[in-house]
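When we follow our numbering, the leftmost residue of the sequence shown carries the number 1, and every step to the right adds one.
Because the hints were derived from the structure by calculation, they are not lab data.
Only a predicted model underlies this, so the values are computations on that prediction, with no experimental measurement involved.
Any given hint could be a false lead.
Derived Cβ-Cβ restraints for the label pairs, each shown as a range [unchecked claim]:
#, residue 1, residue 2, range
1, A56, Q5, 12 to 22 Å
2, G185, K37, 17 to 27 Å
3, V47, H226, 12 to 22 Å
Calculated pairs, DMTMM-like style, for lysine to aspartate or glutamate (alpha carbon to alpha carbon, straight line, at most 20 Å) [claimed, not checked]:
#, residue 1, residue 2
4, K12, D92
5, K12, D116
6, K95, E109
7, K12, D200
8, K243, D175
9, K12, E199
10, K95, E31
11, K169, E199
12, K96, E24
13, K96, E199
14, K12, D196
15, K37, E24
Ideal placement from N, C-alpha and C gives every residue a C-beta, glycine not left out.
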Amino acid sequence: MESRQTILSENKAYWTDRASGYSEVNQVELETDQRKKWSDCLHGEIVQHFPGIAAAQLRVLEIGTGPGFFAILLCELGYDVTAIDLTPAMLDEAKKNAGDMADSIRFMEMNAEALDFEDASFDVVISRNLTWNLPHPDAAYAEWARVLRPGGLLLNFDANWYAYLFDEKAQAAYDQDRINSAEQGVWDQNVGENFDVMEDIARRVPLSSIRRPAWDLTQLHGLGLHARADEQIWQQVWSEEEKLNFSSTPLFLVSAIKG
1 MESRQTILSE NKAYWTDRAS GYSEVNQVEL ETDQRKKWSD CLHGEIVQHF
51 PGIAAAQLRV LEIGTGPGFF AILLCELGYD VTAIDLTPAM LDEAKKNAGD
101 MADSIRFMEM NAEALDFEDA SFDVVISRNL TWNLPHPDAA YAEWARVLRP
151 GGLLLNFDAN WYAYLFDEKA QAAYDQDRIN SAEQGVWDQN VGENFDVMED
201 IARRVPLSSI RRPAWDLTQL HGLGLHARAD EQIWQQVWSE EEKLNFSSTP
251 LFLVSAIKG
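Take these sequences, add in the hints, and give me the full structure.
Below, the structure is given as structure tokens:
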């Protein structure tokens with residue numbers, strides 16, 4: 001069996017190469033109405049769970065911050081933010097994107113599957129577009145639950161990103177997304193250099209071939225969390241371009257509460 005370290009090393013190398021380009025995606029989000037859409041979404045989910053509690057009193061951990069989009073929004077909202085990523089190049093981009101806010105966010109290099117935090121350290125754990133990419137997502141969820149305080153909230157935004165590698169219907173839908181994006185003249189984020197490298201990794205990680213979010217709910221329930229899924233969250237937070245790019249792989253939200 002392929003070692004966890006092999007996949008993690010390949011992931012780190014891939015995202016190091018993509019750090020600058022992926023940062024451009026986050027910069028577009030920061031410069032458009034995506035900033036407010038996502039800010040309202042994150043704040044709404046947290047406030048609903050912690051009514052009447054000031055943002056500054058809540059410790060939030062973002063896992064897989066990449067170029068820092070969520071960390072920046074959460075800091076703007078007044079939360080106490082720690083943001084981790086496996087890739088130093090991503091953290092460098094995140095600090096640049098955060099600008100004057102960089103000193104207010106604790107950016108740390110860390111493995112999502114093996115956190116260097118004590119039990120019950122955070123009120124909120126948040127991630128976006130990460131779990132699909134992990135060699136042992138079950139271990140990651142166990143770690144995320146471990147560092148949550150009792151009554152804490154987990155928010156994970158993700159999708160069945162590489163299902164097309166294992167399913168003919170998904171492949172046809174994915175191909176149609178590429179055609180639609182080209183015909184409409186929008187920036188297709190799934191076209192560019194080194195996507196074959198990530199496809200090779202995606203073939204070897206477990207979640208590419210597993211239908212989600214059902215899997216996530218099973219894992220979280222097994223860890224003793226009360227979990228639910230919102231499979232329409234993409235309608236709320238995606239731009240029209242994203243809806244065109246990724247209609248075959250709609251974003252879902254898995255939220256869970258630690259009892």
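Results of checking the hints against the structure:
1. A56 / Q5: 12 to 22 Å: For A56 and Q5 the Cβ distance comes to about 38 Å; the hint is violated.
2. G185 / K37: 17 to 27 Å: For K37 against G185, whose Cβ atoms are near 23 Å apart, the range 17 to 27 Å holds.
3. V47 / H226: 12 to 22 Å: Given a distance of about 18 Å, which is inside 12 to 22 Å, the answer is holds.
4. K12 / D92: Holds - the C-alpha atoms of D92 and K12 are around 14 Å apart, at most 20 Å.
5. K12 / D116: Status holds; Cα separation ~18 Å.
6. K95 / E109: holds, 12 Å
7. K12 / D200: Holds: K12 and D200 sit about 14 Å apart, inside 20 Å.
8. K243 / D175: holds, 14 Å
9. K12 / E199: holds, 15 Å
10. K95 / E31: holds, 16 Å
11. K169 / E199: Given that 20 Å is the threshold and the Cα spacing comes to 17 Å, the pair holds.
12. K96 / E24: holds, 12 Å
13. K96 / E199: It is violated: about 29 Å lies between the C-alpha atoms, which goes past 20 Å.
14. K12 / D196: holds, 15 Å
15. K37 / E24: holds, 18 Å
Hint compliance for this structure: hints 1, 13 are not met, and every other hint is.
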